[in-house]
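Peer 1: Which chain is which? The protein sequence lines are A and B, in order. Mapping to the working numbering: the first sequence position 3 is 3, numbers consecutive. In short: position in the second sequence from 1, add 1000, done, that's the working numbering.
What the hints contain is simulated information worked out from the structure, not anything from laboratory work. Being a predicted model, the structure only gives us computed values, none of them experimental. Ideal placement from N, C-alpha and C gives every residue a C-beta, glycine not left out. Errors might be hidden in some of the hints.
Partial list, computed: chain B residues near chain A (C-beta under 7 Å) [unchecked claim]:
1) S1028
2) A1029
3) Y1032
4) G1055
5) K1058
6) Q1081
7) P1082
8) A1099
9) F1104
10) Q1111
Below are the chains, spelled out letter by letter.
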Amino acid sequence: GAVVSQHPSWVICKSGTSVKIECRSLDFQATTMFWYRQFPKQSLMLMATSNEGSKATYEQGVEKDKFLINHASLTLSTLTVTSAHPEDSSFYICSAPPPGQGKNEQFFGPGTRLTVL
Amino acid sequence: GENVEQHPSTLSVQEGDSAVIKCTYSDSASNYFPWYKQELGKGPQLIIDIRSNVGEKKDQRIAVTLNKTAKHFSLHITETQPEDSAVYFCAASIGTGTASKLTFGTGTRLQVTL
C-alpha cells in the first residue's frame, strides 16, 4: 500500500516558539494531503486540507495564521505551529489519498507528538 | 455536515471470541466507509473499507456490513487475538475524488484478554 511518512516523530519545544512538521508521500504523488489533530483518548479531528500549488483549506475554528500549511511539491506538505503554547500539545497526523479517480482512501502517516512546555 | 457515532466506546472480549463495533452516519450522501486500527502512539492503519454499492465485504477474520437504509455500518472481527487489541475508528466520506474529507467516529478501545 501507499506509504506516508512524517518527521519528526516527536518534538518538545518551549512556549512561544514555532515548530515545523513534515508529511511526505513516499511512493506516490499527492495533490491533496490532510492534517489532523488528536488529543489523548479522543478521535481524529480534521484541521485543514493541504492543496499542492494553492492555499490550504481550513476547517471551522482552526486558526490559519497559527497553523501554517505549505504544500510545496507533490510529495511534501508541511505544518508549522507558530507561537506554540501548551494547549497546542497534541498528536498531529497527516494523510494522503493515492491518486486515481474513484479512490477516496486515505493513508495515514505515523503521527508527530508535539509537547509544548 | 456529516456526523458519525460509534459504539461501544470500550469492548473487552476473550481470545477467540468475536467483536462487533457499530457506527451510524447522518448524511445519506456518504458513500465510502473505512475502518482504521490505531495502536498506541501510531497513526491509523486502514484495515477494511466498504463503498455504498456493496452490502458486505470480508477479508479473512475481518468483515464490514453496510445498511444504507438505516445509515449504519459495522465491523466484525472473528477469532480475536491479543494483537487485535487497539483503538478502532470508523469513518465516512462523501464523493469519489481525492479531496474527499473523512469524518471519524469517536473510537472503540478493544481489549482481547487471554
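Peer 1: Please go over all the hints and tell whether each is borne out by the structure.
Peer 2: Hint check results:
{"no.": "1", "hint": "S1028", "verdict": "17 Å, violated"}
{"no.": "2", "hint": "A1029", "verdict": "13 Å, violated"}
{"no.": "3", "hint": "Y1032", "verdict": "5 Å, holds"}
{"no.": "4", "hint": "G1055", "verdict": "19 Å, violated"}
{"no.": "5", "hint": "K1058", "verdict": "18 Å, violated"}
{"no.": "6", "hint": "Q1081", "verdict": "22 Å, violated"}
{"no.": "7", "hint": "P1082", "verdict": "21 Å, violated"}
{"no.": "8", "hint": "A1099", "verdict": "5 Å, holds"}
{"no.": "9", "hint": "F1104", "verdict": "5 Å, holds"}
{"no.": "10", "hint": "Q1111", "verdict": "14 Å, violated"}
Of the hints listed earlier, those the structure fails to meet are numbers 1, 2, 4, 5, 6, 7 and 10, in rising order.
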